[in-house]
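Asks: The chain contents come next:
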Amino acid sequence: MRITTETFDENARGALLNRPLQAALRHATHKFVDNRRYAITELDDWEDRRQRSNAIKRETIEHLDRYLEEFTTNVEKAGGVVHWAIDSAEACRIVVDLIQSKGEKLVVKSKSMATEEINLNHALEAAGITPVETDLGEWIIQLAHETPSHIIAPAIHKSRADVARLFTDVLGIEYTDDIPKLTAVARERLRERFATAGVGVSGVNFGVAETGTICIVENEGNARMSTSLPRIHIAVMGIEKVIPKFTDLALFLSLLPRSATGQKLSSYTSFLTGTKRTAEAEGPDEYHLVMLDNGRTKILADPIQRSSLFCIRCGACLNACPVYQRVGGHAYGWVYSGPIGALLTPQFIGMDRGKQLPYASSLCGACKDVCPVKINIPELLLDLRSKIGGESGSLNGKRPRLAEQLSKKAFAFIMARPGAYNLAAKLGRILQLTIAKNGKIADVPIAPLSNWTKNRDFPTLAPQSFRERWKREQENSGKE
Amino acid sequence: MTVVKSGQSKATIFATIKKALQTPSHVIDPGRPYKVPSAPRQFAADLSTRFVDEVTRLGAGCFVARSNDEAKGYVVDLIRKRGISRVALSNSPVVNQTGLSSALSSISIRPLIVDFDGCRDENELSVRKRNIRESLLQTEIGITGVTYGIADTGTLVIGGDNEYNRLASLLPVIHLAILRSDQLLPDLPTALEGLNRDGHVNQAITLITGPSRTADIELTLTIGVHGPKELQVVLLQI
Chain A
127 MRITTETFDE NARGALLNRP LQAALRHATH KFVDNRRYAI TELDDWEDRR
177 QRSNAIKRET IEHLDRYLEE FTTNVEKAGG VVHWAIDSAE ACRIVVDLIQ
227 SKGEKLVVKS KSMATEEINL NHALEAAGIT PVETDLGEWI IQLAHETPSH
277 IIAPAIHKSR ADVARLFTDV LGIEYTDDIP KLTAVARERL RERFATAGVG
327 VSGVNFGVAE TGTICIVENE GNARMSTSLP RIHIAVMGIE KVIPKFTDLA
377 LFLSLLPRSA TGQKLSSYTS FLTGTKRTAE AEGPDEYHLV MLDNGRTKIL
427 ADPIQRSSLF CIRCGACLNA CPVYQRVGGH AYGWVYSGPI GALLTPQFIG
477 MDRGKQLPYA SSLCGACKDV CPVKINIPEL LLDLRSKIGG ESGSLNGKRP
527 RLAEQLSKKA FAFIMARPGA YNLAAKLGRI LQLTIAKNGK IADVPIAPLS
577 NWTKNRDFPT LAPQSFRERW KREQENSGKE
Chain B
20 MTVVKSGQSK ATIFATIKKA LQTPSHVIDP GRPYKVPSAP RQFAADLSTR
70 FVDEVTRLGA GCFVARSNDE AKGYVVDLIR KRGISRVALS NSPVVNQTGL
120 SSALSSISIR PLIVDFDGCR DENELSVRKR NIRESLLQTE IGITGVTYGI
170 ADTGTLVIGG DNEYNRLASL LPVIHLAILR SDQLLPDLPT ALEGLNRDGH
220 VNQAITLITG PSRTADIELT LTIGVHGPKE LQVVLLQI
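These protein sequence lines map, in sequence, to chains A and B.
Note that the working numbering numbers the first sequence so that position 379 is 505, with each residue one more than the last.
Note that the working numbering numbers the second sequence so that position 17 is 36, with each residue one more than the last.
I should point out that these hints are in silico values taken from the structure, not numbers from a laboratory.
This one's a predicted model, so the numbers in the text were calculated from it and none came from an experiment.
Just so you know, even glycine gets a beta-carbon here, dropped at the ideal spot from N, CA and C.
Residues of chain A clear of chain B, computed beta-carbon distances all greater than 10 Å:
id: 1; residue: E136
id: 2; residue: K231
id: 3; residue: A249
id: 4; residue: L269
id: 5; residue: G298
id: 6; residue: Q473
id: 7; residue: F474
id: 8; residue: L489
id: 9; residue: F539
id: 10; residue: A546
id: 11; residue: N548
id: 12; residue: A551
id: 13; residue: V570
id: 14; residue: F584
id: 15; residue: Q590
What the simulated footprint calls covered on chain A by chain B, stretch by stretch (three residues with Cβ under 8 Å from a Cβ of chain B suffice, anywhere in the stretch; the number is not a length):
id: 16; segment: 153 to 161
id: 17; segment: 188 to 197
id: 18; segment: 337 to 350
Listed next, with one range per pair, are the computed distances between beta-carbon atoms:
id: 19; chain 1: A; residue 1: R598; chain 2: B; residue 2: S44; range: 47 to 55 Å
id: 20; chain 1: A; residue 1: R152; chain 2: B; residue 2: Y53; range: 31 to 39 Å
id: 21; chain 1: A; residue 1: K228; chain 2: B; residue 2: G218; range: 28 to 36 Å
id: 22; chain 1: B; residue 1: F62; chain 2: A; residue 2: G140; range: 49 to 57 Å
Pulled out of the complex, with its shape left as it was, chain A reads as follows (with noise of 0.2 Å):
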């Protein structure tokens, strides 16, 4: 897939402006924030959850090799075959030689974020093997060549209308834009591929070390029939997603759905523990599972950024997010979006290229807060600010320049004293005179305060600051 994480500024523009996507984000966004906040409010020690879980996740990724060769010894054991992946080339060409060796043409696939990350479908179609995404939301930006822009919600960037048109077109149905319709059509198009694929490829949500268990969640139900009926199952997990016990599903599954879209449990739960223990049991004869690394044991060797590995796939910090709710995913030039996009992307594809990522953030903290694993992404978001800046602490990499460093300077020495503080204001109040429009600072004419006011308004200066009009009403009150 292109990647353009280099032109976010750009992407955010076009995002924007576009009033379309800007209706739709809004709906989704408020309707995800809205369903998990009444989920959470069923259990009374939610944040004990969040608390347990971290810990719990913690303990996992410092003592990864442990938990991993116990969940992979386990998974061999129950008869599945695995797989190690040092980067998405290696997976992609491992996923491709298992299907043809088996000869297989045809893959059902149901949602993963992993597979997207390693860019799946792609090598597939090189390789002359059929994909069919099977998620509704996958299956919709399949046709219409995209990618997701949502972690849960992978096609919330279109209309009914956009759909109904793509159906049209696409698959050459009359046009109908009612929703259970064209979900309908999905339904019956999708079975015939369920029928006759000899490959159902899947994603994990969790792997439990105790077991050997895969942990599948969805609601569709698609994820169930590509595990089920094709002949061969190919799982692709991240090395990041094992938990120690089996009972540790309980805590992890009161957390996920509730976080993501604001369900007590999925529709539907799978956990599937390696290959069928009889010729009699229902289910694929093979099965492979495909750990992948693919930069997580860099992220993990960053004693900071490591707690980003915690990570569930929720999403619920894009919709919480007030940067995601403006730009949607497609902006953030990658697989990952929002707040855990920002930290993830730069991480997964290169500093250099996704630097602009980790300030696409106000800090404002609402991830933290709803993240159900409580990784605490302002802080690794400014980490990583720093780490991309580098001693110079300017975002281009190059040393900052003299008046970037006076007006630091300046700045630091005016906030530390209040004398120099109020005339500064008072100054600010004069200055502004010649910029201000209808209460607010469209653009400020000069570099670097141009480049902040290009995507944004600043609020002008109050005619009177707080003190002195504090000082005013107190010798007023004094005179009655």
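Chain B: place on chain A using the hints.
Replies: What follows is chain B alone, placed relative to chain A:
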């Protein structure tokens, strides 16, 4: 076919992990103490009432039967009223217990029995598997047993070995599950404890919580994407 040097990659990944973990974590938030719930969730009402409430809230139908005959009557009635002719029964003890198979014959419906036991050889087994699968894709109602019901969330747990509930609960348009009230458990932690026997769990376990659904177009809830469009539950309270 290219040789996949997976062994080598595994060694590389583990070496990288070990090296990475030599640096201790820099913890920004040490966190605060927390409590782990030690007992199952308590409900104001009994398990059956909570279960029925939750199942209903999910948009599924729920019928409480006081006898096998009452359960059988309800199911046959539902099939007749809907004009359904293609019925599948999984070979599960609780389904057999209701005597549905013969009751259906009396209204001239020959149900598809989902059962893969007793084939003479592999060939016969694979033919039967193919046939049953093809039939299930055309079936209007699949009737199965369950391993547990979870009261807290209105969830059905499917995954008993050799009960053949997996496809019959997934492919038909309607899924009707029958369970006895003594199969009800309070919450998910209790169910997971029951499913885990000293580190051994069955190969395929599915928690079913309501009918198949999506909200992928404009976040509008739509029932029945790939899984069953309708979920019906019969609770045997004998």
